[in-house]
Amino acid sequence: MGAVVEAQNLIKHFPIRSGFLGRRVAYLKAVDGVSFSVERGETLGLVGESGCGKTTVGHLVLNLLTPDRGSVRFKGVDVRHLRGKALRALRRNIQVVFQDPHSSLDPRMLVKKTVGAPLAVNRLARGAELVQRVKAMLAEVGLNEEHVYRYPHEFSGGQRQRIGIARALITGPEFVVFDEPTSALDVSVQAQILNLVKELQRRHGYAYLFISHDLGVVKHMSHRIAVMYLGIIVETAASDSLFAAPLHPYTRALMNALPEPDPARRTMRALLAGDVPSPVHLPPGCRFHPRCPEVQGICTQRAPELREVKPGHRAACHLYR
Amino acid sequence: MAGERIGAWGRGKRPLRINVFDEFRRQYAWQIRELGFMVRLLGRNPSAVAGFAIIAGMVAMALAAPVLAPFNPIQISLGDRLLPPGGAHWFGTDELGRDILTRVMYGARISLWIGVIVVVIAGGLGAVIGAVSGYLGRRFDDLIMRVMDVILSFPPLVLAMALAAALGPSLNNAILAVAFVMIPKFARMVRGEALAVKEKQFIAAARASGAGSLWIVWHHVLPNCLSSVIVLGTLILGETILIAASLSFIGLGAQPPTPEWGAMISVGRKFLMDQWWYATFPGVFILVTVIGFNIFGDALRDVLDPRIRR
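Which chain is which? The protein sequence lines are A and B, in order.
Per the working numbering, the very first residue in the first sequence carries number 1; after that it's consecutive.
Per the working numbering, the very first residue in the second sequence carries number 1; after that it's consecutive.
So here's chain A without its partners, still in its complex pose:
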């Protein structure tokens, strides 16, 4: 089956300017060669610490940022070459749900207009038909039809996130990016939203890119998982395989950090020491070596490549050669 979205070797470096003339003094290597693909009906979880570049990946896929190098293909077509009508079609097929349900809804816009905006700007519906479709969409995400004439501040965090989901799904996209959709919510509300998102995927076959720093949430949501560290993917595998046997030391450290409910199974934890190095001055060799518990001589010399260790399970580490 062909991938709905395919990212190939995405690179995005942000120049850091300084001085009066805005000289480029350095580059922040936010995304430094990331490839993945997402198929229909599948969720790819993208997990990593804050500042590892996962949100930038989301923005690149959404075409909100242009990659310095590499390409994003939607159903085999490079999105950078799209203009006009084809670009509109792309916009309506790739949608996004953002993290903060307070900032992601315009406080001065009625729910009707917020949710209906993707229809309106793509000229898919207007007037009574638009209202009808907004109402149907609200019902689908578990809100009330009467909510169309309300403002965002009248809703709770969970309801707002439902509005955000309704806005993303109203054009019937094939691919949806979720950028930390639940990190601003209470745990109980989180579960409701996550289950809604899953249920909608089961019903409509959306492809999801699910970005989160919460390994537990990603495990619950994803079919496959990619672990990001400082702008690159260090390990990628099917969800079960990754949780059964994490290969990369970074992934293992992340999993050790998950709370273990059973005291008997709690082990000595190898937690990560130190901070994430600056993405401006990357360490030489493997980016993870300053924090890695299993660091070897070669790690400081050469960056490991992402290679298949087991079928369908790839890791970028010198331990597996």
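Heads up, some of the hints might be wrong.
As the list claims (entries may be wrong) - Below, a list of computed lysine to aspartate or glutamate pairs in the EDC-like style, where the Cα atoms sit at most 20 Å apart:
#1 K198/B - D100/A
#2 K113/A - E145/A
#3 K113/A - E154/A
#4 K112/A - D22/B
#5 K219/A - E199/A
#6 K75/A - E6/A
Derived by calculation from the structure, the hints in this document are not laboratory data.
Following the hints, complete the assembly by docking chain B onto the known chain A.
Then chain B, alone, in the frame of chain A:
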């Protein structure tokens, strides 16, 4: 017959008009509540009440001038030249025997009209320029803002004078000149707000769903700047009236026999030594009106600014 109508307004079948009204109320429930809340806050603020009373009084006077004014504002009556206040002429008469109270009342129409027109033009253009400039950013923003800085670097009255003189003395040209001078004040403020709004996630969401820059500016950026524009507009209105009166005073605004406050002072100045009432009453009205708009604008800013509010 009347009974039937009353019945139709009751519980049973409701006429269509009511349903439309209900729909309107439901759709704008939040605005209506917000407006009620604002009105209550303003009502608790003494300077807002005072400012509002002055503005309302001036507007009422301007609207009712044809009904309330005792005389014709431009009818010359040489027998009644320069009469002191009292009797039939409460504010006295001018050198052509025209009643000054009447002319002051009609003058309110012109001054308020100038103020409203200028604020609508300058506020509208300034808000759009500022929003587009702030949203698009980069070179376009630099260019627009430097142009605005140039305009702002002149004292408003001096620039308005130069423009009005270049366009030729008439009321409409004075309006255009003052509006032009006021545009940067709105543009600067709205640009600042646009820079903040631009970073919000709903802008990224709109971009991701295919909205163009103009759509975003119109539907997201401008509505979020509206309350500040209203506040600034109220403050600018007072200043505008003052500048317009100044232009008329030096002969670049309203032309005789139009009863404009500034023009009246200009002529009355010559009689100030012996006939104090001629220039004084229009001057008092300018003063009171400008103060009214300023204190109301200040109070409105306090109420609309959520940081001060809650």
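Structure-based check of all given hints:
1. With a CA separation close to 15 Å, the supplied pair K198/B and D100/A stays within the 20 Å bound.
2. Between K113/A and E145/A, the direct Cα distance comes to roughly 14 Å. Compliance with the 20 Å bound is thereby established for this hinted pair.
3. For the given pair, K113/A sits about 15 Å from E154/A by alpha-carbon distance, which is consistent with the 20 Å threshold.
4. At roughly 17 Å between alpha-carbon atoms, K112/A and D22/B fall within 20 Å of each other, so this suggested pair holds.
5. Distance check on the hinted pair: K219/A and E199/A sit about 16 Å apart at the alpha-carbon level, within 20 Å; holds.
6. Straight-line distance between C-alpha atoms of K75/A and E6/A comes to about 8 Å, which keeps the hinted pair within the 20 Å bound.
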